[in-house]
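These protein sequences, in sequence, are chains X and U.
Counted the way numbering that gives the first Met the number 0 counts, the first sequence spans residues 0 to 457.
Counted the way numbering that gives the first Met the number 0 counts, the second sequence spans residues 0 to 457.
Worth flagging that the hints you see were computed from the coordinates, not collected in a lab.
One or more hints might be untrue.
A pair counts as met if it fits within one copy or between any two copies, since identical chains are not told apart.
[Claimed, not checked] With a Cα cut of at most 30 Å, we get these calculated DSSO-like pairs of lysine-lysine:
id: 1; residue 1: K249; residue 2: K68
id: 2; residue 1: K68; residue 2: K244
id: 3; residue 1: K395; residue 2: K278
id: 4; residue 1: K397; residue 2: K68
Each chain, written out:
2 protein chains.
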Amino acid sequence: MQVETVNLNPDEMPRQWYNILADIKINPPLGPDGTPITPESLAPVFPMNLIEQEVSTERWIDIPEDVLKVYSIWRPSPLVRAVALEKALGTPAHIYFKNESVSPPGSHKPNTSVAQVYYNKVFGIKKLTTETGAGQWGAALAFACSQFGLECKIYMVRISYDQKPYRKAQMQVWGGVCVASPSNETNAGRAILEKDPTTPGSLGIAISEAVEAAVSDRTGKTRYTLGSVLNHVMLHQTIIGLEAKLQMEKFGEYPDVIVGCAGGGSNFAGLTFPFVYDKMHGKQIDIYPVEPAACPTLTRGAFVYDHGDTAGYTPLLAMYSLGHDFVPPPVHSGGLRYHGMAPTVSQLASEGLITPTSATQVEAFKAGTMFARTLGIIPAPESNHAIAQVIKEAIKAKETGEKKVILFNLSGHGLLDLGSYEKYFANELQDYVLEDSVLKDAEKIFEAFPKPKILKSI
Amino acid sequence: MQVETVNLNPDEMPRQWYNILADIKINPPLGPDGTPITPESLAPVFPMNLIEQEVSTERWIDIPEDVLKVYSIWRPSPLVRAVALEKALGTPAHIYFKNESVSPPGSHKPNTSVAQVYYNKVFGIKKLTTETGAGQWGAALAFACSQFGLECKIYMVRISYDQKPYRKAQMQVWGGVCVASPSNETNAGRAILEKDPTTPGSLGIAISEAVEAAVSDRTGKTRYTLGSVLNHVMLHQTIIGLEAKLQMEKFGEYPDVIVGCAGGGSNFAGLTFPFVYDKMHGKQIDIYPVEPAACPTLTRGAFVYDHGDTAGYTPLLAMYSLGHDFVPPPVHSGGLRYHGMAPTVSQLASEGLITPTSATQVEAFKAGTMFARTLGIIPAPESNHAIAQVIKEAIKAKETGEKKVILFNLSGHGLLDLGSYEKYFANELQDYVLEDSVLKDAEKIFEAFPKPKILKSI
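Kindly generate the complete structure, drawing on both the sequences and the hints.
Set out below in structure tokens:
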């Protein structure tokens with residue numbers, strides 16, 4: 000066999016998400032005055048049922064039936080043993096991957112977009128706004144809105160809008176309206192365009208536009224959605240790891256090593272949090288979040304209070320950060336180009352429960368190409384970072400002769416990112432190494448903010 | 000549930016293909032002198048083991064273990080009941096689809112590319128050539144060559160090469176070399192370029208280049224491959240229908256109506272041939288091949304002897320045809336823009352065992368959009384033609400109140416064809432209606448060739 004696959008039956012799909020906030024403590028988000036924000040202050044931006052989920056410390060949270068119904072389109076997702084990759088590497092390691100590329104939008108993102116749209120619908124919301132960089136989150140939200148009959152407006156960073164025409168067409172197929180950001184539709188957008196009519200845009204600007212569009216709708220029936228970073232997003236993604244645990248049991252194995260790429264943290268959290276619980280209770284597992292070397296939030300950033308967005312509109316979050324005005328080099332992994340990291344993932348890193356590492360984009364594409372040539376599937380550039388680490392671990396196992404069991408998350412496929420592969424084959428991908436001075440500059444902005452407390456969960 | 004899915008276990012995958020030539024007779028291919036060609040005359044183009052398969056009349060042919068291994072990457076493919084689509088249509092019909100979009104190249108094509116590459120490898124061949132229009136076949140061959148370690152050279156029609164950059168990148172990820180056709184690498188290509196340096200190319204020219212590149216390799220280690228039309232291609236695709244039969248049994252249902260889009264005939268044959276066998280033995284099934292109205296081979300063409308390629312290099316095949324120099328209008332379904340139809344499929348049509356029908360491209364995209372908005376998956380433009388017919392049948396069932404069971408083949412996904420969806424939403428898709436005079440012109444060329452005999456299999 001080139002692969003061995005365990006598919007769960009539909010009735011084996013987990014009925015609850017795992018909430019890691021039952022088992023770890025995180026520093027609370029702070030408002031502009033430096034004191035913890037109240038749930039009520041977020042009400043114009045998010046529906047109250049999701050805000051409650053954001054602050055919940057219940058360990059298990061029921062997945063609503065209507066969410067399970069939509070999940071049934073692609074879940075349970077397969078767990079696959081990559082036999083052909085093991086052979087090509089000549090490793091005694093067993094390599095498994097959870098295949099999240101099988102969803103209609105092609106990534107793990109709909110695990111949370113479907114849930115978020117559901118809760119908004121239940122709360123009476125008619126329209127959702129969001130920003131998107133590479134386009135995976137925007138596509139996932141458009142898909143989820145088409146399932147529940149909500150309107151969907153996506154502000155897509157202009158440079159991506161122009162470079163990736165297929166992404167906006169994908170959102171359009173699902174009825175989503177995608178505009179290039181900055182747009183003329185918001186005060187934030189108009190202000191930027193006035194200064195610089197040819198700006199390529201940025202995620203920070205797009206967030207500002209999406210939030211403004213939500214809170215300024217006078218009907219009160221519009222809200223904003225975010226595809227990563229927040230606690231409830233990590234929560235929804237845990238279905239990945241919960242399924243993977245069941246499937247690993249059916250293979251009769253348990254992972255020694257778990258790997259996920261990490262941008263805002265959501266696919267990494269989704270696969271690993273249920274296993275982090277085991278690690279807290281005695282299991283020996285090496286857990287690696289893999290970042291791009293060009294945007295090394297966990298590996299070279301500081302654990303600080305910082306804003307989630309460039310403009311500084313969001314509350315201060317306790318997280319690893321490169322500084323909210325850090326502009327990552329233009330690596331071809333839009334989903335990993337984020338200055339911060341989910342507070343929950345950051346907390347685990349600060350406690351040493353996970354072991355951050357990084358890969359350059361050339362390493363990543365080399366690994367992804369090897370994966371495609373052995374297993375057929377063309378991975379997303381983001382997922383290639385995880386694969387690079389998996390291959391390092393598999394080669395280490397070959398050298399030591401250890402039969403390691405390695406599990407990683409294939410967060411998405413690369414079919415709408417094939418242009419970046421073309422650049423890789425043309426030797427046009429630059430490998431960026433950050434100067435220390437860049438990081439030192441970033442540190443200055445942290446001095447203005449409070450310091451997170453040192454917390455220890457276990 | 001939005002969907003209900005039956006996945007087979009890996010050990011339930013069929014171990015044999017079904018060869019319809021055991022149950023129907025077709026007129027033999029003829030050489031330039033009007034007499035049946037010998038298998039040996041094809042030896043410079045195809046390996047002898049595949050030529051033997053092309054003429055075999057054994058009903059069941061074993062699938063080699065090494066082919067099953069590669070199939071395991073995506074097979075058995077899911078059979079899905081489209082509950083959400085039934086609800087949206089308000090139909091009492093049960094709608095099932097076989098999801099062939101889950102293969103790495105994204106279509107049914109690797110069912111035969113994997114088999115063809117395997118047989119070529121066993122025969123000692125080191126390199127394969129082919130042509131591709133829209134790119135699905137080229138991608139499938141590159142994928143299969145990467146699995147067996149053969150070189151792969153693809154001549155891609157220039158206009159598609161320029162319009163669909165992601166397709167050539169996809170082939171490149173799997174190590175395939177894709178050049179725009181006409182190229183400077185063959186006599187055929189150079190001759191065309193000399194006359195018209197800016198020609199958009201055509202499938203006919205690309206076939207000529209790929210055949211020339213194969214037969215002119217002096218090492219004798221290069222052969223040509225074809226992705227549709229031929230008997231052995233239809234044979235390899237029957238795994239679709241054989242799996243679907245097992246899965247329909249698990250659902251406890253049997254189809255009253257079966258639908259597949261039809262260009263050269265391979266995905267249609269793959270799903271339907273095992274059910275055609277049942278129909279020959281008493282089952283009542285309506286079986287619809289669906290063509291684009293712009294290229295209505297079965298619905299408006301003639302059952303004649305004609306060449307498979309534009310230039311007239313191939314043997315004469317007994318098939319429905321619009322004439323080998325018919326140039327289909329530029330509909331956005333590259334896989335359906337073919338003047339002929341597989342001789343086996345043509346024979347079934349001539350005997351009334353299948354009921355050809357057609358859809359316009361606007362009907363097709365409308366149907367595909369409804370499918371995407373209910374079930375998430377964005378179908379290939381080709382598959383949209385099948386969906387258009389399925390929706391017609393489901394609405395008919397609603398009107399008559401009959402609980403019809405409808406099964407169709409989702410031959411591929413549309414992620415690399417999203418540009419055509421964008422044109423659909425911009426109301427830029429033209430609906431082509433062929434003048435009768437066009438068809439009458441085509442008939443003239445048939446007068447020069449022998450007439451096929453009227454054969455009756457049952």
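Against the structure, the hints:
1. Proximity of K249 and K68 under a CA criterion of 30 Å is satisfied in both settings, with 24 Å inside one chain copy and 21 Å between copies.
2. In this assembly of identical chains, the alpha carbons of K68 and K244 lie at most 30 Å apart whether taken from the same copy (21 Å) or from different copies (26 Å).
3. In this homomeric assembly, K395 and K278 come within 30 Å of each other (Cα to Cα) only inside a single copy, at 22 Å, whereas the closest approach across copies is 58 Å.
4. When the C-alpha separation of K397 and K68 is checked against a cutoff of 30 Å, the pair qualifies only between copies, where the shortest distance is 24 Å, while the shortest distance within a copy is 43 Å.
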